[in-house]
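*Asks:* Just so you know, the protein sequences line up as chains L and C, in that order. For the first sequence, my numbering gives the first residue as 4, with consecutive numbering after it. For the second sequence, my numbering gives the first residue as 811, with consecutive numbering after it.
These are calculated hints, taken from the structure and not from any lab test. Note that this is a predicted model, so its numbers are computed, not measured. You can take every hint at face value.
The list that follows gives simulated cross-link-like pairs (lysine to any residue, SDA-like), each with its CA atoms no further than 25 Å apart:
{"hint": "1", "chain 1": "L", "residue 1": "K74", "chain 2": "C", "residue 2": "N906"}
{"hint": "2", "chain 1": "C", "residue 1": "K860", "chain 2": "C", "residue 2": "V892"}
{"hint": "3", "chain 1": "L", "residue 1": "K114", "chain 2": "C", "residue 2": "A900"}
{"hint": "4", "chain 1": "C", "residue 1": "K894", "chain 2": "L", "residue 2": "L17"}
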Amino acid sequence: MGFLNSMNISGSALTAQRLRMDVIAENIANANTTRTATGQPYRRRLVLFGERNAKLPFSDYLSTAQSAVGKGVRVTQIIEDESPMKIMYDPSHPDCDENGYVRMPNVDTVKEMIDMMSATRSYEANVTAINAFKNMAMKSFDIGK
Amino acid sequence: MLKNIFMHSGYLEKALDASWLRNEVIANNISNVDTPNFKSSRVEFESALKDAFENSGIKMKKTDKKHMDMQDVGAHDLKPSVVKKVNTAARMDGNNVDIETEQLDMVKNVIYYNLLIQKIGKEFGRIKTAINEGK
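Just need the whole structure built from these sequences, with the hints factored in.
*Replies:* Structural data, given as structure tokens:
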């Protein structure tokens, strides 16, 4: 149990939410990308969150008197959305097939916007937690004054 | 006499520890608000404190009914424990973090912590007063 453990916990969430935000931004930026390095249209990406477990090494079990609190959150994986691509009819498009249909990325901008709001709110909640902890930690220096 | 001079502040110290741990647990709950299948935890300390006061093994002998109870509760044995909340209504993703509850608990915890800091400061002030013979 470190002195600033709470900060690390909330900090891990800030990192995770920021990465989620980066991925959302990437999705929105590539909403119309029909050709990537693989030659396929862009696929929507998603982040997976997982708990950062307090799996302590044996020596730590001996030194910690407290029962284990988690260590925050981490992004376990960035996965690709396997839902089908959107089909658009545009015979003048250079990436269209022989019938004139273009496969567009499976990015739904509205969905991304909602995700972005969710990420922002989570980020804010963690910033509030950090500020509350900061007040507590500063107050602890007042003991004995 | 001198042995017991810090007895009172010992309890406050344990309560501070519990409050500190509670903040960590709440921070962990808030940070995992979007994690699928995460179950939130809480810290139990007050009940342990109550038990310690009520079920203290050592009792002082009272020779007069006006004597006050002086029980050696043993502040050093008190320890907050982390309990996982598993039986509350879960969301679709199996997560049961209620962000409003967590925020409220956090605010309450900070106020509680500040109260304890103030109490511990006053306690030391009283000891100082006694040492200085009230001067």
